[in-house]
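Chains G and E, in that order, are what the protein sequence lines are.
No gaps in the numbering here: position 97 of the first sequence is 97 in the numbering used here, and each next residue is one more.
No gaps in the numbering here: position 56 of the second sequence is 56 in the numbering used here, and each next residue is one more.
What the hints contain is simulated information worked out from the structure, not anything from laboratory work.
The structure presented is a predicted model; accordingly, all values stated were derived computationally and were not measured.
Accuracy of the hints is not assured; some may be wrong.
Under the rule of at most 20 angstroms between Cα atoms (straight-line distance), these lysine to any residue pairs were calculated in the SDA-like manner [as the list claims (entries may be wrong)]:
1) E:K68 x G:P136
2) G:K45 x G:Q210
3) E:K43 x G:V112
4) E:K68 x G:A126
5) E:K43 x G:I108
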Amino acid sequence: MRKAAVLGALLIIGAMLLFAIGKMPAMNSRNAPDKTHVIPRYLEKGEEEGGAKNIVTGVILNYRGYDTMGEVTVIFSALCAVVALLDREKRGLSRSSPDASGVRSSVIVRTVVRFAFPVIVFFAVAYMMLHGEGSPGGGFQGGAILGASVIVFTLAFGLPESTRRMPLKVRIPLESTAIVGFLAMGIIGLAYGVNFLTYLLPGVHGAMAQTVRNLMMTVIEVGIGIGGGVIFISIVFAMMREDKYELQPDVPQP
Amino acid sequence: MSEYVRDAFIVLFSLTGLFFFVGGTVGLLRCPDLYARLHPSTKCDTLGACSVILALCLQAGASFVTLKLLAIAFFLLLSCATCGHAIGRSAFRSGVVPWHKPGVKPWPIEEDE
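Next up, chain E with everything else stripped away, as it sits in the complex (with noise of 0.2 angstroms):
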């Protein structure tokens, strides 16, 4: 039965990451500027990619492979933000202004800076 429980969730945690990693991808060639594009990027390597860990680790079991699956994990959540975060704030401060529709001022940027 437990057995069962199991698999199951390995299958619910696998497709979820399958969902991020699809949208993700999606957002990547659609959205229409660096900034948006930055948002479904940096979600696939942290909710996709680390549901697809915690279901492996799910598989593997108490071992020390997940222990090394889960260093993995941390460590791909921690890097990955900061990457997302360092691109966005190095975009914002070179100039690189937001998509906005023609007409429409996106957010009170500081002309003269």
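Okay, chain G solo, but in the shape it has when bound (with noise of 0.2 angstroms):
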């Protein structure tokens, strides 16, 4: 019983969704309602109502800055995840000693490390998020350079160095730092009376209102890129730990 009324309601939908299906305009039709509609109001207007030079930025931060926030808040619950499954730092527990191999990396590759590094911090927080508005580029990638960096920095150095120059102290207010931006920034516009993540705040005109909004954005974008690279290396040192651990387990088996 319990069955076949399983078996009929898949079948409605199913028929539903065929219908629907059916009803949908030919994949890349001229006629589809985003090459009509979305696709030149974006290309036409994009500036305008964005509020950046590049359109991708525009279009993450402002058409969809919901879902950029909804985006967020996934990369910091992977992050979440990752450090209730594996990392034993935050809950005291680490009892093995963080560097799983014992050799050290050859002299070139630290030398290139330590010339690099600087190079690709630079690279990332000044080319990639402040300018992200009006080149390519953005927080995420941005974020994503930045933890990347870091990493080389950790595969060059080992963990203890790079955890004694990142300490979970610095680590973990600068994790939330992606969510804090931007609901910082949203209740901003709450608080002047307008939508929850609208950058045009009333009472500020002209340029000024550009000016503000410019900043606005930029301070998403710097906390979407920072918070994003600190997650991906506590991410990564979390997972370099749990190597170790599994490689020398120091707890009695049952």
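Please dock the two separately framed chains into a single complex, following the hints provided.
What follows is the structure, given as structure tokens:
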């Protein structure tokens, strides 16, 4: 009886979905609504409405601000999951020394990393995050590069050195920068009596409004970048620790 | 006249890059083991990509784009050479024996280590 009910429900839902698919415009059709309405709107009014020369940034932060905030939350949740599953550092359970191999990387690698690391960080912050509204780039890309730079540093100099320079005390507040930045900028909009994540504040006019909007979007971009980057770093630290933990278990097996 | 000379150099550098990329790809697919594959695949990135970038620099002329391209070439040279070194070293240290003919010792490897 129950199976029959489930089957019937599935059939009805399936029939509805198939009917809806039949009504959809053909794939890549010129008359599809996204071609006739969405794309022309973005291309014609994107700079004015989105507030960024780079239309991608305008779309990400303005038209789809809620969506981007959700993405940031997803990244943060991923960090929470990894920490809950792997990281013993935060729960004070790390008993093993974190450097697994015990082999130092060669002097060539260390020299090159020492030279390249500041350049990579500069590229991530100055070229990707801060300049994301005017040229290709943005917070997510900058955060990925920032995280990768510290990962390279960790591979070259070992986890102890890396955790000494980015201790837990520094990482914990930075991990939530992305969400906090988003919420703060959204609440500024609410305080002015407009919608959440509206960057054009009432009472601010002319060139000042544009400056304020750019500033708010830059704050969000930098928040996404630093938050995302530090989240990647923390995930990698947790996983490297766990690797060592698996290699040499010091917990007596039951 | 100078236009033609420049174009000729652009074509020359592009073809050099193409040659090294094709050679690197063939080597990556055909060579017998990690060390032998590392050799052509790093050539791909250093010589091949840098030749193409040189051609692009000539095409762009004296501009800010050329500066960016030269920076890309510099970091490409630096990182690819280092990567090749790091991969080869870590493979050797974790005991990957180089390819050799059966019965021929590849090079004096300390068996006990």
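Hint check:
{"no.": "1", "hint": "E:K68 x G:P136", "result": "holds (15 angstroms)"}
{"no.": "2", "hint": "G:K45 x G:Q210", "result": "holds (15 angstroms)"}
{"no.": "3", "hint": "E:K43 x G:V112", "result": "holds (19 angstroms)"}
{"no.": "4", "hint": "E:K68 x G:A126", "result": "holds (15 angstroms)"}
{"no.": "5", "hint": "E:K43 x G:I108", "result": "holds (18 angstroms)"}
Hint compliance for this structure: no hint is broken.
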